[in-house]
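Throw the hints in and build the complete structure from the sequences for me.
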Amino acid sequence: MVMSNYRDSYAHSLEKPAEFWLDAAANVSWSTPPHHAIDSSRAPLYGWFPDGVLNTSYNALDRHVEAGRGDQEALIYDSAMLGIQRRYSYSELTDLVARFAGVLRSHGVGTGDRVVIYMPMIPEAAIAMLATARLGAVHSVVFGGFAPRELAARIRDAAPTAVVTASGGVEPSRRIEYLPAVGEALTLAGAEDVPVLVKARDGFAATVADHAGWLDWDAEMSTAVPAAPVDVKATDPLYILYTSGTTGTPKGVVRDNGGHAVALRWTMENIYDVGPGDVMWTASDVGWVVGHSYIVYGPLLAGATTVMYEGKPVGTPDAGAFWRVIEDHQVNVLFTAPTALRAIRKADPEADLLERHNTSSLRTLFAAGERLDTDTFHWARRVLGVPVVDHWWQTETGWAICANPRGLDDLPIRAGSPSVPMPGFRLTIVDGEGKEVEAGTEGNIVLGLPLPPGTLQTLWGNDGRYVSSYLQAFEGYYATGDSGYRDEEGYLYVMGRTDDIINVAGHRLSTGAMEQVIGKHPAVAECAVVGLADSLKGQRPSGYVVLKSGVDLPEEILEKELIALVRRDIGAVADFKHVTVVEALPKTRSGKILRKTMREIADGDEFVIPSTIEDAGVLNQLVAALRPAARE
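Positions in the sequence shown are counted from 1; adding 3 to them yields this note's numbering.
Check before you lean on any hint, since a few could be wrong.
Derived EDC-like pairs: lysine to aspartate or glutamate, alpha-carbon spacing no greater than 16 Å straight-line [unchecked claim]: (1) Lys438 x Glu478; (2) Lys236 x Asp555; (3) Lys551 x Asp355; (4) Lys349 x Asp378; (5) Lys580 x Glu564; (6) Lys599 x Asp485; (7) Lys236 x Asp116; (8) Lys523 x Asp434; (9) Lys349 x Glu609; (10) Lys551 x Asp378; (11) Lys551 x Asp351; (12) Lys551 x Glu353; (13) Lys595 x Glu562; (14) Lys349 x Asp42; (15) Lys580 x Asp608; (16) Lys349 x Asp321; (17) Lys580 x Glu562; (18) Lys595 x Glu609.
Computed beta-carbon distance windows for the label pairs [to be verified]: (19) Arg45 x Ala14: 47 to 55 Å; (20) Asn361 x Gly479: 17 to 25 Å; (21) Asp555 x Arg177: 29 to 37 Å; (22) Asp196 x Ala442: 53 to 61 Å.
The set of hints was computed from the structure by calculation and includes no laboratory data. C-beta: ideal position from N, C-alpha, C; glycine also.
Okay, here's the thing in structure tokens:
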């Protein structure tokens, strides 16, 4: 059944979910097509398309070649760091993936085995992922540059049959050596005998020859026997992805093959309006869920061209880097994090560098990863002249919980909102007791079970932890851990993590709401508000702001203006009285501001620098600014 608009599609997905998703499954190539949509026999652990059989790598590559589109570009590699570009057709990429699958097979990797991939943003990272999937094996990509102890924890948990890595990663001011980190991690994990395949890159001190028994990627590929796609059950795992900021035993999100392929294929057409021949650039990293879904799998499942970018939004070489990539590769859809847009705006407030480039190919800009503040939303829409679509999702969900489906309907776009729930997501706002609240009332954002295809099936090796972490807080619901509200027309407004709700003299207030107000000030590039311990009122908000380039405003004047803004828009009850100007905010590599860590520092508590941090130096610089705030 073809749905022509959002309202009908969403209603259909809730009223007849089996029919809706079996219809969507028809866009995927199956060795054995499914006749049953959902397996509820292990509820609250659900499985999608339990009688279906397929191969994800075949769906992403071979079927497009067989359809006569082998010469179409599948992947474009653009390294701003090295000044090189490479283009791979579907035929070329299929051949490389088949051969590397043969390499993995020759070293013992088979169906259900795990392969840990620790790589920079180079084509071989995507090739390794797709090759693992081709064998029916399970990949676990770890962000390149993670500390050895964090990598070891993931190796220990996944118990891989092989590890794939490269010489290192290239940053604007340094090169990060990977091989010593991998060696140390294997020792810490007690996995020294695991085969290690290394893609050599120029300019790094350590080489594969330094490690007895390690294997050179290029040498192995030169004699590889291509491997054919291996059929697996739809419910078999495709990958494990460890959530950011984990400590102790990692939390490995498990994604299946069938539900994942069906859901991503549906999103490409209906959310992103991307199909065969279109060019999609997701400016993220394959180490994150966004990179899994929309650098590697989504665009290729749709027969589109995907851009893999090794660079930064600013500094490689300037704040016009994104515009240059759009022009060079005729990008139709750009997906990036709000923090990247804020970095560009901070360096080039009037987007003067945009004038040097022809970005007329761009149809839509999508943002996710952090809340898209209204000021940045309006700026991006003004300078680019295209729709700017915020959408909201999590590592656990794998695709958007809420979005504005550009290929399905022409819904109004509202600043500050990721729009409306996508098909299959039974989104509800509840209070602390699990009772649904009225429109306009902030509460816990929860999702009714079962979740739609493509979402997490469980946590690797730990069903009990999955249930206790996500399904116990509110019976019958998946707890997102985020708070927000819906307006009268059903648009969602995500205000932040539930632990970003602070209690000021008995009043529950959202630091996210305060950040939205502060972000409206013309001098502010980005900001964070954290709740500090207060002996009288329990907690009080403290703001930390980064100024736009070229702004010369005394801090005491800025503080007065921001206090007045918060008082006007939120009220005196917020007790917002403290502002500190900082050079930068500490973030994860995926762009999330480390508010919890900032709060721990300011309160004088012990804190651990998260493994996912982009630049630990930024956090260290903030200690001096944050510690005094707690004493004032």
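Open item on the list: Flag every earlier hint the structure violates by its number, smallest first.
Closed with: 2, 8, 9, 13, 14, 15, 18, 19, 20
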